[in-house]
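Sequence order for the protein chains is W and Y.
301 is the number that the working numbering gives to position 301 of the first sequence; each next residue is one higher, with no gaps.
Converting from the second sequence to the working numbering requires adding 1000 to each position, the first position being numbered 1.
Calculated directly from the structure, the hints in this document are not laboratory data.
C-beta atoms are modelled at their ideal positions from N, C-alpha and C, and glycine is treated no differently.
Treat each hint with caution, since some may be false.
What the hints assert, rightly or not - BS3-like cross-link-like pairs, simulated, lysine-lysine; straight-line CA separation at most 25 angstroms:
hint	chain 1	residue 1	chain 2	residue 2
1	W	K29	W	K124
2	W	K168	Y	K1114
3	Y	K1179	Y	K1114
4	W	K29	Y	K1179
5	Y	K1114	W	K61
6	W	K124	Y	K1289
Claimed, not checked - If you want the footprint, here are the derived chain Y segments under chain W, 3+ residues with CB under 8 angstroms:
hint	segment
7	1080 to 1090
8	1095 to 1105
9	1195 to 1201
Claimed, not checked - Beta-carbon label-pair distances, calculated as ranges:
hint	chain 1	residue 1	chain 2	residue 2	range
10	Y	P1171	W	T126	30 to 40 angstroms
11	W	E117	Y	P1171	53 to 63 angstroms
12	Y	N1144	W	R119	52 to 62 angstroms
13	Y	I1023	W	L163	17 to 27 angstroms
14	W	N164	Y	I1016	41 to 51 angstroms
15	Y	E1109	W	L110	40 to 50 angstroms
16	Y	K1289	W	L160	34 to 44 angstroms
17	Y	F1071	W	E153	20 to 30 angstroms
18	Y	F1096	W	F105	34 to 44 angstroms
19	Y	S1074	W	Q85	48 to 58 angstroms
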Amino acid sequence: MEKHAVQLRGSTADDSRLRAFFKVLSRQKMLMLMSLPFLAWVIVFKYVPLWGWTIAFQKYKLARDLFDQTWVGLDNFAFLFREEQFYLVLRNTLVMSSVNLVLGFVTAILLALLLNELRRVYFKRTVQTISYLPHFISWVVAANIVQTALAPEGIFNVLLLQLNIIDKPVLWLGVGEYFWGILGATEVWKNVGWNTIIYLAAITTIDPTQYEAAEIDGASRLQRMWHITLPGIKPVIVILLIMNLGHILESGFEPQYLLGNGMNVEYSENLDIFVLKYGIQMNNFGLATAAGMFKTVVSFIFLIVANNLAKRLGESRLY
Amino acid sequence: MSKTKSKRYSSMGDQIFDVCNYIFMFVLILFTLYPFINMLALAFNDANDSIKGHIYLWPRDWTIQNFQYVFSESNIFFATFISAARTIVGTVISVFCTAMLAYTISRSEYALKKFVSITFIFTMYFSGGLIPSYLLIKELNMLNSFWVYIIPGIIGVFNMIVIRSFIEGLPEGIMESAKMDGAGDFITFVRIVLPLTVPALATVSLFVAVYQWNSWFDVFLYNSSRPHLSTLQYELMKILSTSNTTASAADAFANAQGNKTVVTPTSIRATMTIVASVPIIMVYPFLQKYFVKGMVVGGVKG
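This is chain Y alone, in the form it adopts within the complex (with noise of 0.2 angstroms):
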């Protein structure tokens, strides 16, 4: 092993080559990772001490003030709550039920599976666009509501590809026998199918999840007008256009305030960037080898 090892490094060339790569792979690492240290230093770093600037890698003044600060704010509490809820209940429901509708368009048998597998494609191509959307949404009286962060979103179609792809890969022997001993459609998907596509659910799971983490839009969109549904997202997307062009200036002003306070702009966004992030940075790495499959199956059909 090593003796074939050796011979592949044998040549000059592809030493510098393999030198020179491994320190732009490090290098890489370096700018992705940077912004999120960064973000960490500021965030355990006493707010006043960071308007001095030079914060990198580590915190200077360490202190947890801001996130106590963060989470005693009831509107940042109350969107972190918001957030985590259209997070689980908007996953749950909509992998259910995209699984079930790729289920039965998986069935060769289904006289429909052609029209109904036809009119979601289409959707893929085409939409009405945002102003019909959002009259749409207004006309149904679904603004001021939860329910619009679950309801419009319910189906995806790329996820019911990567479902349906997933369930005719499985041996058509399973259901049939499920069928044999008399189960019906409902009781072979819930029973037999949904526990067999497991892989395929958790890289759907993490892209609904993660969507629905990460949205702001519709809130800003729908629910603007009501700070009980606001999310995470949103109230830090507000504080960065309060903030815009430079964070020091509004900085400088809460500093001229009577330095009062014990938190800044800058320590806030940090402090909420790190809580905004951190759920996903802790659940992507464990379903990577789902989500790389899923990728390639529905960049491949879809």
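With the rest of the complex left out, here is chain W (with noise of 0.2 angstroms):
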């Protein structure tokens, strides 16, 4: 009996919070036909296609609509984690993610202490929007330079020759173990002026008095970076560095798929080119599914773990 007035009470004091919620929300009219039309949009256009995943459990037939298809389990992921190409593919992206990952960082971070360095207001500024500009460009342009540059005449092949490094035009992209170097170079190219954005905003937080009593104990440039400014910016690198370890998965879909060719593809082919050539080329839409599907909930995971670490070494660090 007790307990069940200890229920109504408690009803009815949901009841009441609800009736509160809809009265507030009631006066907020306008605020919600500005946002529900997207919400509306991010439903279909992001959270539908996650039910799209039932595809992996499917053999699809475009032919065919959407419910009438044939249920056939995990079918496509037995093929899938049988298939030869498929830990091929998986190698790829794992080491070219891995090289992009460790070139970045380190070019990004030691530029962005070079540039530091500059005491020319003027000559800094200029660097650095030169070194942002291949960022704005399209992979299109950036694969159409990089080909160009490599090409057996190209620029690469003639400096090669003229320093004697070696006695005949080498076709770079042709050779398939080169590929991983090629693309690493090309990231680095690309998005180093843009990835010390960061790195140069951490150092202005940088306590000033620390170097003047540096210079005052006598330390040089490169003991001031070496023992100030990358102390400083530690925090700021290892969250990144967690962070994208998440990503570790994305290794990135258009300098492969532009640079790749017939004569690389055992090196250049990553897990995105292979869902494309699965399905979209292939037809193979199940197939291509369960690959996406598998990329997106390993990275999920690594995201997650990621996260709570990048948490908590943010949550120590208060202390």
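Join these two chains into a complex; the hints should help.
If you want it as structure tokens, here you go:
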């Protein structure tokens, strides 16, 4: 009896809270009108495709209706995990994103440190502006530039021939083993300037009195960089590194697709290209969706772990 | 001033460091700019002369023929038009809508603030992927239309966060006083918030415009059978993939075709590269101080 009364009281409390909520909401019609259409948009364009994952468990035929497909259970996944090509593209994906991660971090931090040492503000700003340029151009243009530079009579071969490092032109994009290096260098060329933005912002938060004290103590420029600037931006480096680890299965799509060719396919094809090839070009939607789902789910787990790690480190730094 | 400076430069090691640093910066500038200068030289050089090679920093045989040819090709001309159209229409619509949404979730009194924010931010971590998205577009009958370039990308979550953070940094009193004067949320947004948010809008506009101008994959995926909806980047991409490993083979082929050709794939590629990158090169330096700030805000909150 008493229990019942408690429950009743609980439900009326809920009721009145709900009523209060709707009362507030009814006064916010304009805000709703300004946001709910986009809520509908995000549900249609971002959440409905999640429901499309059911395709991974079907033998999907384009000619048939969405609800009239044959269910095949885990067949697509079984096929995927038996497929040798899948492990090859997984290897390529992991290697390429690791190479890009390491190269990207090291070069961006180095450039940020060196930019910070430039005393002439105008020169520093000019270098920064120029270094952002490749980030804004499309991958099509960037791939075009890389192909032109690496062509048999391109500038790269010409320079190496002049310096007697090679004795005949090399078809750089035609040798699979070179692909990861070429991709890494291209990514650095395109994004190193852009990636310095966050580090340079972090450097400005370092207390200038530290530098003055070090100068009085007779520390050289290199010593100041090593003992003050680098430790000063260490928290940002750690957070970004962890966040990027969460994206380890995202090795990019455009550069590999645009620079890849028949001769380097064993090294250039990654998970995204695998999905495109099986899905759109070979109409094996079930298998392609299974591969895409594998990527998203593993990425999500990595991201959650990375986020938690970053948060924990962020908190511990507060004390 | 000069005294403290000379004191700072006193040590020998520091001076060597400075010299090396400046040399390094010049090498970096060279590496970054050389490809563009080279493309410019090729674009303004006679196509048949370019086959002989050794064009580096300056054209040997000046001509504007390559540009005339590129723009007289109707498909490239239309592609440039579509690229410009999607950049303008897409940027205006997307930035306005993203800002409007960002305004609503910046209002602390909005009852659905949390729900709407979380629903959007979740999509940063999870996506249906290529195949379900493609099938969705197909089911919505949006294949082979211009709107497939605009509607699927109307809200950018990262951009939404950048604008929201900016609005939250505005003095609350401004919006309060607008409300006192009887302005509704929409009027407050358009008349008060939008003009004050210009720095954030400039950042986001640049990001969206660059994305739109540089896109080719959605053309390839959704509209590849519709030549009149092609974009400049997609046309360039097609040229790139037909002369894939080496441009010279295609040049030799063009040359062998009776020497009647005034242009070669190498020249067309160089010319289109210039056409495809010049609009961006002309715009981004002026927005530098905005996007640097925007990146830092988004990077911290995102």
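*Consistency of beta-carbon spacing, L163 (chain W) to I1023 (chain Y), with hint 17 to 27 angstroms*: 18 angstroms, holds
_Range hint 20 to 30 angstroms (beta carbons of F1071 (chain Y) and E153 (chain W)) holds or violated_ = Once the Cβ atoms are compared, 28 angstroms apart, the range 20 to 30 angstroms for E153 (chain W) and F1071 (chain Y) holds.
*Using the C-beta atoms of K1289 (chain Y) and L160 (chain W), is the stated range 34 to 44 angstroms upheld?*
Roughly 40 angstroms apart at Cβ, these two residues keep to the hinted range, so it holds.
*Three residues minimum, CB to CB under 8 angstroms: does the segment 1095 to 1105 of chain Y make the cut for coverage by chain W? Let me know.*
holds (count 6)
*Honestly, do P1171 (chain Y) and T126 (chain W) meet the 30 to 40 angstroms range at C-beta?*
35 angstroms, holds
*Can you let me know if the beta-carbon spacing of N164 (chain W) and I1016 (chain Y) is within 41 to 51 angstroms?*
29 angstroms, violated
*asked:* Taking 34 to 44 angstroms as the stated bounds, is the beta-carbon spacing between F1096 (chain Y) and F105 (chain W) within them?
replied: 37 angstroms, holds
*CA of K168 (chain W) to CA of K1114 (chain Y), is that 25 angstroms or under?*
63 angstroms, violated
_Hint check: K1114 (chain Y) vs K61 (chain W), CA-CA at most 25 angstroms. Holds or violated?_
Answer violated: K1114 (chain Y) to K61 (chain W) is near 40 angstroms, above 25 angstroms.
*Quick one, are K124 (chain W) and K1289 (chain Y) close enough, alpha carbons at most 25 angstroms?*
Holds, at roughly 14 angstroms.
_25 angstroms Cα cutoff - pair K29 (chain W), K1179 (chain Y)_ = Measuring from Cα to Cα gives roughly 15 angstroms; hence the hint holds.
_Next pair to validate is K1179 (chain Y) with K1114 (chain Y); report whether the Cα-Cα distance is within 25 angstroms._
22 angstroms, holds
When held up to the earlier numbered hints, the structure conflicts with 1, 2, 5, 7, 9, 11, 14 and 19 and fits the remainder.
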